[in-house]
Structures are given as structure tokens and as C-alpha cells.
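Colleague: Next come the chains, spelled out residue by residue.
Protein chains: 2
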Amino acid sequence: MRKLKLYIAQSIDGFIATEKGSVEWLNDNENEEIDENAYGYLDFYSSIDTTLMGYNTYKEIVNFGIPFPYPDKKNYVFSKNHEKKEDNPVEFIKSNIVEFVSNLKQLDEKDIWLIGGGEINKILLNKNLIDEIIITIKSVVLGKGIPLFANGTDFKKFKITKVEKFDDSFAQIIMERK
Amino acid sequence: MRKLKLYIAQSIDGFIATEKGSVEWLNDNENEEIDENAYGYLDFYSSIDTTLMGYNTYKEIVNFGIPFPYPDKKNYVFSKNHEKKEDNPVEFIKSNIVEFVSNLKQLDEKDIWLIGGGEINKILLNKNLIDEIIITIKSVVLGKGIPLFANGTDFKKFKITKVEKFDDSFAQIIMERK
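As they're listed, the protein sequences go chains S and D. Sequence positions in the first sequence follow the numbering used here and run 565 to 742. Sequence positions in the second sequence follow the numbering used here and run 565 to 742.
Chain S on its own, in the form it takes in the complex (with noise of 0.2 Å):
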């Protein structure tokens, strides 16, 4: 069966975004150009084919400015309320998120990129259905924020499978469900 992969970046206190949802405190890098593989993501992206998003989410990637960076991906926005306005290679989804993806996992394609945010993380992570967590921690302290799962999540076990170091400022943990 294909694997839901959540591969998502957080601060050292386990912060997704900042309050208001922004992530450009990833992008302070005082470093050279960055490598287009760094931190395995091509890899990563070359395993998958369909990516799934919270509507906050998606404003956050859309908000960044045009082009969508998943073209070549089939994308799933998850909105009770939000009707599709702009432009992007997105599907919004109304239905249950917990049926939809059950379903989407019995597909016989490649892996499924869960990018966030903490809502949807925790309701596919209570329901068993994240197969694979894939945390790159970037050495800041954010104080607040968003954080990695919603309010609500339950206890699980994870199996690390892989770390690994990245310049300076960026560790890796790949982890399975146990």
C-alpha cells in the first residue's frame, strides 16, 4: 500500500509556522545558494505523486506567489467552507478527510505527501493513517506558533528509522509508525 509521508519542518520547540502562519523564518539561511537537493528534497518529492493541505496551508503556499510549486502533483486542499478561486492544479475536497484519504491510500500509485498544517496532521495521525514522519528542525527557537499537531492529538509511537545533519542550522528524523 502506498505510504501517507508527513514531511514538514519545525522550529526546535516544535513550531510549524509562526502565529500568523508564516515559515520565512526557514529562509534566513546567511549561506551560500542551497543546493536543489538539500535536505533530500527531491528524493522525497520524486517518491510521491499527490499531496494533501489544510486550506491555511494552501493560503500560506499560494500567499508565497505564483507559480504553484507541485505542477507535476495531483494536490488535495481540504475546505468545508472554501470554494476554489484561484488559478492553481488543486482539487478542494468537502467530503471526510478521514474516508478520503483512507480511500486515496488504497490506490496502488506512489507515496502521498501530507504538507500540514497541525489540524489535519492530527486528525490523520489519530486515525493510524500516517505511515511515515519525515521532521527537518531547524536550531531556532520560535517561542510560539503554530504548532506540529492541533490541540487534541493522542498519544503515539514512532520508530526512528534515520537522522541525519544538515549544514549548520538543520537536523533531519525520519520516523515509521510503530
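Fair warning: there could be bad hints in the mix.
Treat identical chains as interchangeable: a pair holds within one or across any two.
What the hints assert, rightly or not - The calculated SDA-like cross-link candidates involving lysine to any residue, where the alpha carbons are at most 20 Å apart (straight line), are:
#1 K723 to E588
#2 K584 to D672
#3 K584 to F719
#4 K584 to N715
#5 K723 to A573
#6 K691 to R566
#7 K638 to K648
#8 K723 to T700
#9 K691 to V704
#10 K638 to L693
#11 K637 to D672
#12 K649 to S610
#13 K726 to A573
#14 K686 to A602
#15 K721 to Q736
Calculated from the structure, these hints are not laboratory results. Being a predicted model, the structure only gives us computed values, none of them experimental.
Given chain S, work out where chain D should sit, using these hints.
Modeller: Below, chain D without anything else, positioned relative to chain S:
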């Protein structure tokens, strides 16, 4: 100058204890016996001669049972409202924590272990007094609990010096203040 090192364990989602202060989730390893120097603990422990902790953290340690685990160190417990009752090798400190720690760092001795919890971590981080953060991440999601840094923590940058994987449920990240 001697360093102040925050050496602490947290969950994937950034909690150092459950809401009630318990850290039992750290010790549920089905694995065989744990190596005495697991997670580099003995090497770390021999690099320090002093520990700092808040009152709640102290109570949690005491509740683990006697004997007190750091008898060969100088142990300071910060509390404005509590007096020492137990017969443990600790000293209660009522004076200003920032001043006290600043003075302590001037002494020409071994490094200092900041044990926690979130409130004292916040105070010392905000004043740039934490030189090193050694975080051991256990691969569980707690969902809720006591955060690594209490509410009111400022944005701070660190530099990763080392990452390491210990068995299949712990990853350690070592960082220095930038």
C-alpha cells in the same frame, strides 16, 4: 567561561513532560537493559559539576524516589515560595535567578546542567545565558504537556554541531548559541 547546558528530553511535538509533570513515557522501552552511558549521559554528566532546576522539576525528581540522583554535584533549586524540607543535597535559591546564574557562570569550574523545566528554561534563554542545548527527542507524540520553553519565550538562533540516533526511539541534537 564555563557553559550553561540545557540537557533535556522531549517528545516529537516539543513537550518535556505530561501536563501533570510525568516523564514516564521516556522509560517505556521494551528493549533489553539500557547501557549506563546511553545517549552519552555519563560523558555529559562528568562534564558538569552543578545542576539548576525549578521547584516543579525538583519535586518530580524527588517523587521518582530516594536516593537523590546527583549527590556528587552542587544542586540549586529555584523557588520563591518553598522552603527545603527533604534531606537532599540541594540548596534552595530565592534570589533573582538571572543574577544568580550570571554570577555562577563567572566561576572557574566545570559546566552547569540546566535540568529545567519550561519556566526556568524560558528565563535563561531570553537572557542569552544558555550556551548549549542538547535535546534528546523520543519518537512519541504526546499531544499535550509541558512545553520545552514556557509562554513568553523570545526568538533565538542556535547552530547544530552534532546529531545522533540512539536505538530506534531516540535522536539527539546538540546545538550551540549563535
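Colleague: It remains to establish, for every hint, whether it holds in the given structure.
Modeller: How the hints compare with the structure:
1. K723 to E588: between (30 Å within a copy, 18 Å between copies)
2. K584 to D672: neither (37 Å within a copy, 44 Å between copies)
3. K584 to F719: between (27 Å within a copy, 15 Å between copies)
4. K584 to N715: Result: close both inside a copy and across copies, 17 Å intra and 17 Å inter.
5. K723 to A573: For K723 and A573, the Cα distance is within 20 Å both inside one copy (18 Å) and across copies (16 Å).
6. K691 to R566: Only inside one copy: K691 and R566 sit 16 Å apart there, 48 Å across copies, limit 20 Å.
7. K638 to K648: within (15 Å within a copy, 62 Å between copies)
8. K723 to T700: both (16 Å within a copy, 14 Å between copies)
9. K691 to V704: Result: close only across copies, 15 Å inter versus 31 Å intra.
10. K638 to L693: Result: close within a single copy only, 19 Å intra versus 48 Å inter.
11. K637 to D672: Cα proximity of K637 and D672: one copy only (15 Å, versus 59 Å across).
12. K649 to S610: neither (28 Å within a copy, 61 Å between copies)
13. K726 to A573: both (16 Å within a copy, 18 Å between copies)
14. K686 to A602: neither (27 Å within a copy, 32 Å between copies)
15. K721 to Q736: This pair counts as both: shortest intra-copy Cα distance 18 Å, inter-copy 17 Å.
Checked against the numbered hints given earlier, this structure breaks hints 2, 12, 14; the rest are met.
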